[in-house]
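Trainee: Single-letter residue listing:
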Amino acid sequence: MHDVLVVGGGIAGLRAAVAAKGAGASVALLTQSHPTRSYSVTVQDGINAPDSAEGCDGHINDTLAAGAGLNVASVVTSICREAAALVEELDRLGVPFNRVGSVIDRAPVSGAGESRATYVNDITGLAVTQTLYEQVIGTGVDVYEEWLALSLVVDGGECVGVVALQLATGALEAFDAKAVVLATGGLRRAFEPSTSSLHCSGSGIALAYRAGASLVDMEFVQYYPAVLSGSHLALSPLLLGAGAVLEDGSVRLNGTLDSALVEARFPDTLHRVEALSGVNMLTEPAPVQSGMSRLLGGVDVNVHGESSIPGLFAAGECAGNGFHGAQGLNGNFLLVSAASGRSAGLAAAAHMRSVAEGTAGAQAASGVRAELDAALARPGGAPVSALRTELASLMHQKAGESRDAEGLSEAVQRIRAMREEHAQLGAGSTARDFNFGLVQYLEAGTLLDVAETIAASALERTESRGVHRRTDHPEVDASQGARQQVTRSEDGARVSRETGAA
Amino acid sequence: MEITFKFQRGGTRAQPEYVDYQIDVPPEMTVFDALVAVRETQDGTLAFRGNCSVGFCGDCTLSVNGAQKVTCLVTVGKTQKDGVITVQPIRYAPVEKDVMHDMRKFLWDKVDTFARGVVPNGGHPVTDEELRPVRKAMRCTTCGLCDEGCTVIDVNLDFYGPAALTKLYRFAFDPRDGITAERLREGSELHGIWDCVHCWEATEHCPFGLEPTHLIMDTRDRAIAYGIKSGYGNKMLERHYDAFEESISGKGWLDERSVALQTYGGLIKGGIKTLPLGLRALRKGKATLKPHYKRPGADHIRKIFDRYNRSNAGLRKEKQR
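Residue numbers (the numbering used here), protein chains in the order written: chain A, 1 to 502; chain B, 1001 to 1321.
With the rest of the complex left out, here is chain A:
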């Protein structure tokens, strides 16, 4: 039994683990891959953190303006105010932020107004992940690598642990905990094109949803305009912010940016673009397309990361704390991951009410075992893959950058039908060790569940706001200025709108 169990080893999860550990809790971190293999390491964005009070006000205002009335203002204020301190802390712990002299530099990122993004060349995500991982090692957090969380253990209305599958052996285990922090990231694999990693399967969101937690802001799916064609690589908003030109489906450096500067600050971009597309960006434009990059909603949580289930917390991309509202700014995503991770970790450690070691975990595990054994025996592989591929194309076409009632209804219906097809499928092999067919089947399940909440939520919002663009309702409707919650019902995703404050 641990005091705090964190699920997910990216920036939010690592930060949560370090915070909870620092508050005196015993902490376990459960991750699908080694933490420094998480999606977070690919993020080449910066971290918005102005170093003055006026700068901070500007940051708050820009964030609220982008969020188009749906931000939770108190969350925005709180995170923006702590941004500079958060960056200083990361710096003290070892993130080698770029500096001018000895002052941490602030650079512009595309679409976010003033120069307020702190950064580490084009490897901010990698550097922050490594640094937080080092803190996890240094402080003695117990790390469980290559475990996939399958179900939350809820006892008497409280979350008291997680049932997880060890990929190497196929063993199922119940991890008891006094508090659980979900930090599993997004669900990019439900969209194509996207900036996806393989593990972006929306698992934490699906787990919380299945356990009865409320989701929020699920209709807001943000695309990034400069994803290298045919790949999942997003060209850094710092590169665009520095003056690279995005036009006619390509990103161009020559003529606008000094080669020496590009080579010094974006070496990992140049290298990967050349490897992935054969283009030398110093002399040729790189072909790009728009790709899904970020879910703005997630598990409905407050500023402390508390969900509607006591003992269950969420942080990072799988959490909907209302910071971004209807549209997120570049430079704010890593900020929210680190900030929300910290507050959820602290809140989870403070939660620590004494939960007696019960039998709920073991019971939940045996239930999951029975389901898994049945799934192992059912056929899988190609038909599951086909479902996932179809989902990604369906979501992009019907629930992507441009939406309408007809397409969204179709998507909801089709996803419900796909879930029934999915239920007839399985792993395609009874192997226990490293059964990726089983993983694929389970991930398709979480993707379908979360995708349905996105389509249903987008169908319900009959207006255009932020990144939610309805061709049949192209204007903002002032009467729809409240956030939408999604909960699970017998008939599928049920969408409701917050009453009262907008």
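FYI, nobody ran anything at the bench for these hints, they're computed from the structure. Take these hints with a grain of salt, some might be off.
What the hints assert, rightly or not - Just the calculated beta-carbon pair ranges, DEER-fashion:
#	chain 1	residue 1	chain 2	residue 2	range
1	A	A264	B	H1214	14 to 20 Å
2	B	E1028	A	S393	17 to 23 Å
3	A	E498	B	G1178	44 to 50 Å
4	A	A264	B	V1084	39 to 45 Å
5	A	D373	B	N1156	40 to 46 Å
6	B	N1156	A	A264	34 to 40 Å
7	A	A362	B	R1132	48 to 54 Å
These figures come from a predicted structure and were not determined experimentally. Idealized CB from N, CA, C, for every residue including glycine.
With chain A fixed as given, assemble chain B onto it according to the hints.
Mentor: Same frame as chain A, now just chain B:
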């Protein structure tokens, strides 16, 4: 394009057992994406790692057609030979299943040894210049290709290897860290920085140009500046280092006689030990009893040494604290 993946499943590296999988993919698709497609549509029990698909997570390292690669950064078209891509584990790494390496043993346990987070020293404002080495080391994705190329790991899996020592470098050169001396001492233990044979293979193998061998050499310099001269208490090596430095800094040239004597423990002890060798050298005309004439340029060399010592005075003081 029609590709046959000959995928090693069982057997040994020398006598591999392959299973063939055919798939039709565009030539510009990465090898990793193609392998994932095979696994997803043909055989879910195929065991290999990988996540990000854009060369940052470092998880998809494999041997493809005999070359060791981060497989999401190479294309099917350029990798295949006559439509075939043979997939094997990388060399030296123990295998859990198929081409799934035991990365805990091969890499992570070693990296974690040196990964203990920064202990903030609350020190001076740090400049961009000072942080460049840290930033360089942090570009490391821990893909393991440097360890795969390492000629020491080839014969001794216990050697920490360039990937883990890159992590040590990252801390050894971080001006914000408060326990540099302790880290350098840890890195100087058996299987650490002093066991590198500087064959430069790691630098050759790093796909991201981080030059891990150089980083190990720089870490050694750092250790020397902190008074650690050889690692794990090998007194003879320490005396050798001191004698070498004394000869160059004092005379401006390498006096092999005095270096040999001091290395073996001074005039008497060293004299006895090196006597047979000295006599042989005299007989063959390779040594002389006459005093050395003054080397041209020796004063210049001494000056360079002085300048080096002055420029490192601050560091030496820091280490004495």
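Trainee: Run every hint past the structure and note whether it holds.
Mentor: Going through the hints against the structure:
1. A:A264 x B:H1214: 14 to 20 Å: Check passed, 18 Å falls within 14 to 20 Å.
2. B:E1028 x A:S393: 17 to 23 Å: Holds: the Cβ-Cβ distance is about 20 Å, inside 17 to 23 Å.
3. A:E498 x B:G1178: 44 to 50 Å: holds (48 Å)
4. A:A264 x B:V1084: 39 to 45 Å: Cβ of A:A264 to Cβ of B:V1084: about 41 Å, so the range 39 to 45 Å holds.
5. A:D373 x B:N1156: 40 to 46 Å: holds (44 Å)
6. B:N1156 x A:A264: 34 to 40 Å: holds (38 Å)
7. A:A362 x B:R1132: 48 to 54 Å: holds (53 Å)
Of the numbered hints listed earlier, not one is contradicted by the structure.
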